[in-house]
Amino acid sequence: MDTLLNNLDLFVLGFKNTLILFSVSAVFALVLGTIVGALRVSPVTSMRALGTFYVNVIRNTPLTLLMFFFAFGYPKLNLGNLSFTTLAIMALSIYTATYVAETLRSGINTVPVGQAEAARAIGLPFGQTMSLVILPQAFRSVIPPMMSVFIALLKNTTVAAGFSVAEAGAIRANLSERGEPAIIVLLWVALIFILLVGILSVLQRRLEKKWKVAR
Amino acid sequence: MTSVLFDAPGPRAKKLNVVLNIVTVIVVLTIAGFIAYRFYETGQFTEAKWKIFSFPLVQERILEATLATLKAFALGAVLSLILGLILAIGRMSDHAWVRIPCTWFVELFRAVPLLILMMIMYYGLPPLGVDFMTPFLAVVIGLALYNGSVLAEVFRSGVESLPTGQREAGYAIGLRKSQVLSIILMPQAIRAMLPVIISQLVVILKDTALGFIVTYQELLFLAKYLGTQGQYGSPIIPSAIVVGAIYVGLCLILSGIAKFVEAWSRRSPKASKGVEEKLQLEAENLSA
Numbered sequence: 001m002d003t004l005l006n007n008l009d010l011f012v013l014g015f016k017n018t019l020i021l022f023s024v025s026a027v028f029a030l031v032l033g034t035i036v037g038a039l040r041v042s043p044v045t046s047m048r049a050l051g052t053f054y055v056n057v058i059r060n061t062p063l064t065l066l067m068f069f070f071a072f073g074y075p076k077l078n079l080g081n082l083s084f085t086t087l088a089i090m091a092l093s094i095y096t097a098t099y100v101a102e103t104l105r106s107g108i109n110t111v112p113v114g115q116a117e118a119a120r121a122i123g124l125p126f127g128q129t130m131s132l133v134i135l136p137q138a139f140r141s142v143i144p145p146m147m148s149v150f151i152a153l154l155k156n157t158t159v160a161a162g163f164s165v166a167e168a169g170a171i172r173a174n175l176s177e178r179g180e181p182a183i184i185v186l187l188w189v190a191l192i193f194i195l196l197v198g199i200l201s202v203l204q205r206r207l208e209k210k211w212k213v214a215r
Numbered sequence: 001m002t003s004v005l006f007d008a009p010g011p012r013a014k015k016l017n018v019v020l021n022i023v024t025v026i027v028v029l030t031i032a033g034f035i036a037y038r039f040y041e042t043g044q045f046t047e048a049k050w051k052i053f054s055f056p057l058v059q060e061r062i063l064e065a066t067l068a069t070l071k072a073f074a075l076g077a078v079l080s081l082i083l084g085l086i087l088a089i090g091r092m093s094d095h096a097w098v099r100i101p102c103t104w105f106v107e108l109f110r111a112v113p114l115l116i117l118m119m120i121m122y123y124g125l126p127p128l129g130v131d132f133m134t135p136f137l138a139v140v141i142g143l144a145l146y147n148g149s150v151l152a153e154v155f156r157s158g159v160e161s162l163p164t165g166q167r168e169a170g171y172a173i174g175l176r177k178s179q180v181l182s183i184i185l186m187p188q189a190i191r192a193m194l195p196v197i198i199s200q201l202v203v204i205l206k207d208t209a210l211g212f213i214v215t216y217q218e219l220l221f222l223a224k225y226l227g228t229q230g231q232y233g234s235p236i237i238p239s240a241i242v243v244g245a246i247y248v249g250l251c252l253i254l255s256g257i258a259k260f261v262e263a264w265s266r267r268s269p270k271a272s273k274g275v276e277e278k279l280q281l282e283a284e285n286l287s288a
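Those protein sequences? They're chains A and B, same order as listed. Residues in the first sequence are numbered consecutively from 1, following full-length UniProt numbering. Residues in the second sequence are numbered consecutively from 1, following full-length UniProt numbering.
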């Protein structure tokens, strides 16, 4: 307990940065992921190919490698200075977007074929088929897996600790300078993560109950 | 699969599609061209920065690092599968004293970030008298604990997705609980979940890269080392590209196997369409 209370400043700072990384990346991942998901089901061949390429390449790249590229490679390109936090957010968003896209796509696949056929039969174009008929239904079955994607994102923010971002994963390195035992610091960090994930899981269950649809 | 979403294009839609195709290609080429131009401008394509990869010694080190990555992956994967199976059986036990600890174990280790687990192993345990801890062990134990818990959930939801008749029929012909599980339920569950299990193996392979942060000398570690060699112009981007290609290649091979297995299991007229889609969504849910 002393370890936590005596170094509350570092813990608060670390988890504040974790939550910043999490929330900003979540928004960007959601936007980018929706665009990629839309590309993957679009009627235009090159858009589908682009979506598939993006998802296949990024999903098969370790997040650590992406961060490595952004943290060490980007500064070499002389594109202007960005903080490590911004670069970590870019890597996290690009990585998580593929999971968002895939979740949306498998959500679309759960909507019975008859729905899309009926929509087309009454003459709706692709855009309206998607926005009025398919997506509202896909949205409901997508909620639980989408929350899992965000839980994974929350845990993935720790990877940024390896790349000079002062978030929760970096608390140990900072506190070892103050002579605190590593194991206790790490167990506190783990415990706080369990709590945060627990909060998201409760939210997941409530949303699931609220939006559940019998099929 | 999603072609039901739109009609076969008519003459107007075809024209529109051509325009959209061209626009997409132009946008992609612009972005790719810009990145390539920045690479070129900052001299990433110069011979000096790539020369380091032509030395046999460096190539040997890359091979060694790849093997180190694969070693951590292989051991981590085997241990996670074993742990996952044990935990799944434990979670489905009728005895509360087995079920509850297993449930807690799974929930706990699924909630802790893998990197924190590895740090607990590598930085946390040695001061407590665990003196045999190496970066390799930290990575493998972390991978096994985390992915074992995830796989336990995969196995369990595979068993739960089976019709209850399977279990009941097993009991009806006089099999014992362990026999029903091992002869009837598990083989079907594993078969149904095989694509998910393999995609979880891809996750294990990707997560070995976290070993970089706890100083395990795998591919990314080597990339950092090569990338900071001043006398070769610090080729950090070239080495990231080389290592990235190796990672993506390895993962694509595994993903390819997963797709193949999925197509193979789909060929058999087993699960109905609805069940399959539900499983796929479940898979997204679990492997994220």
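Check each hint, because a few of them may be wrong.
[Said to hold, decoys possible] In silico lysine-lysine, DSS-like type, Cα no more than 30 Å apart, as pairs:
(1) B:Lys224 - A:Lys16
(2) B:Lys224 - B:Lys51
(3) B:Lys71 - B:Lys51
(4) A:Lys76 - B:Lys224
(5) B:Lys71 - B:Lys224
(6) A:Lys16 - A:Lys76
(7) A:Lys76 - B:Lys49
(8) B:Lys15 - A:Lys76
(9) B:Lys49 - B:Lys224
(10) B:Lys71 - B:Lys259
By construction, these hints were calculated from the structure, which means they are not laboratory data.
May I ask which of the numbered hints given earlier this structure violates, with the numbers listed in increasing order? 8
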